[in-house]
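Model the full assembly from the supplied sequences, consistent with the hints where possible.
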Amino acid sequence: MYPDIPYENLSWPVTQHAGVIERDAVEGLLHACSSCQGKKVNPETISTYFKGKGLLTANFRSDSNRDDTWRDYQQILSEFGLIYSTRICKELKLTSVAKAYLNGNLTYREMMTLQILRYQYPNGHKTKVTKKQYINGIRLRPAVLIWDVLNGLWEKGANPVLTREEMQSYVVRCIRNDDYNKCVEAIVRARSDKTKYPIIPEARRNLSDWMKVLSQTLLFKTSENGSTLGLTSYAIMEQTRIISACEKLRDEGDYWDYSSSENFQEEWFDYYGEYESNKELVFRESGGYNVQ
DNA sequence: GGTCATGGTGTAACATGTAG
DNA sequence: CTACATGTTACACCATGACC
1 MYPDIPYENL
11 SWPVTQHAGV
21 IERDAVEGLL
31 HACSSCQGKK
41 VNPETISTYF
51 KGKGLLTANF
61 RSDSNRDDTW
71 RDYQQILSEF
81 GLIYSTRICK
91 ELKLTSVAKA
101 YLNGNLTYRE
111 MMTLQILRYQ
121 YPNGHKTKVT
131 KKQYINGIRL
141 RPAVLIWDVL
151 NGLWEKGANP
161 VLTREEMQSY
171 VVRCIRNDDY
181 NKCVEAIVRA
191 RSDKTKYPII
201 PEARRNLSDW
211 MKVLSQTLLF
221 KTSENGSTLG
231 LTSYAIMEQT
241 RIISACEKLR
251 DEGDYWDYSS
261 SENFQEEWFD
271 YYGEYESNKE
281 LVFRESGGYN
291 VQ
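Once you know that position 40 of the first sequence is 40 in the numbering used here, the rest is easy, because the numbers rise by one and skip nothing.
Honestly, the hints are just simulated from the structure, not real lab data.
One or more hints might be untrue.
Under the rule of at most 27 Å between Cα atoms (straight-line distance), these lysine-lysine pairs were calculated in the DSSO-like manner [to be verified]:
1) K126 x K212
2) K126 x K248
3) K212 x K156
4) K194 x K156
5) K196 x K182
6) K194 x K182
7) K128 x K93
8) K99 x K212
9) K156 x K128
10) K131 x K93
11) K156 x K221
12) K156 x K131
13) K40 x K126
14) K99 x K156
15) K126 x K99
16) K53 x K40
17) K248 x K131
18) K99 x K248
19) K90 x K126
20) K51 x K39
21) K131 x K99
22) K39 x K93
23) K128 x K40
24) K53 x K93
25) K131 x K90
26) K53 x K126
The structure displayed is predicted, hence computed values, not measured ones.
Shown next, in the form of structure tokens:
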């Protein structure tokens, strides 16, 4: 039986500013961060840095009566484990993944591929949602799930492309990575006859953002108009390696466990931002993975 | 012209800081 | 310690523009 919705408004929450991410903006944010490492971030410095570059909006705020680029866009960095959330560390703290990028050990796409593949629910960045997901048995790496579904469709001879509607009806219902087989079957069935599952309308915005986020990796790309998600030729070439990487990432032993520990958020960033122990999961742009 | 996707802005809720 | 001030996060809402 295909999963039922565990709770109302099931979705894959992600900062809605994730939709604007691309290399130059992330690089700019990280360089700006790098200059205030160990210090309290001065939002004005960040706003000034981005002024006129056309990368991110000035984000003028009437409450503070000034531009505040940092206010919204820093969430991209903490969401993907590149800085510790400033709620946890008052002084700006880059993670070792971000440092590896700034040192040139990782390219932008290599970094994003690593972090997005490892992204999981529940995680320690969100707070309220984390608990709800934990209570409802959600234990999921979205990017790994998407890979398994697309690869599964391919293996079955079906079109290895997901529409946003399919994401809303099928993919988002999965609560565990192991649900991917059922998900593939349900999609194939829905495409051939009319036994469709209802769409989850509330998940639309987050799923659109997720599709964009995934397109920042080496493995996934969206169609011209952004309405469908498919595999890159890189992913097809590296299929064997991706399968083995995803096997590891599907292993529940490797998950970060939400606990009611008061330091759970800090522990999350320690885990998610860690580079050394995850080096073997890096996919290299030049082909292959684990090649330094 | 109607519908939908998207980025940008407002703001509630919460966390933290600080004065007394 | 308490009360109030300030800062941050998370998400709702809305304006705009693309695409039928």
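**Prompt:** Under the criterion that the straight-line Cα-Cα distance not exceed 27 Å, is the pair K99, K156 satisfied?
**Reply:** Roughly 41 Å between the alpha carbons, so the hint for K99 and K156 is violated.
**Message:** Can you confirm whether the C-alpha distance between K40 and K126 stays at or below 27 Å?
**Reply:** holds (22 Å)
**Item:** Given pair status - K212, K99, alpha carbons within 27 Å
**Value:** The hint holds at about 24 Å.
**Request:** Starting from K128, check that the Cα of K40 is at most 27 Å away, please.
**Result:** holds (26 Å)
**Asked** Is K53 within 27 Å of K126, Cα to Cα?
**Response** violated (30 Å)
**Prompt:** Straight-line Cα separation of K126 and K99 no greater than 27 Å?
**Reply:** OK: K126 and K99 at ~23 Å, within 27 Å.
**Prompt:** Do the alpha carbons of K156 and K221 lie within 27 Å of each other, as the hint requires?
**Reply:** At roughly 20 Å apart (the allowed maximum being 27 Å), K221 and K156 satisfy the hint.
**Item:** 27 Å Cα cutoff - pair K90, K126
**Value:** OK: K90 and K126 at ~18 Å, within 27 Å.
**Prompt:** When you check the alpha-carbon spacing of K99 and K248, does it fall within 27 Å?
**Reply:** holds (24 Å)
**Prompt:** Given the proposed pairing of K194 with K182, does the C-alpha separation stay at or below 27 Å?
**Reply:** Measuring from Cα to Cα gives roughly 17 Å; hence the hint holds.
**Message:** Between the alpha carbons of K196 and K182, is the straight-line distance 27 Å or under?
**Reply:** Status holds; Cα separation ~14 Å.
**Asked** Are K248 and K131 close enough, with their CA atoms no more than 27 Å apart?
**Response** Measuring from Cα to Cα gives roughly 25 Å; hence the hint holds.
Hints 9, 12, 14, 21, 26 from the earlier list are contradicted by this structure; the remaining hints agree with it.
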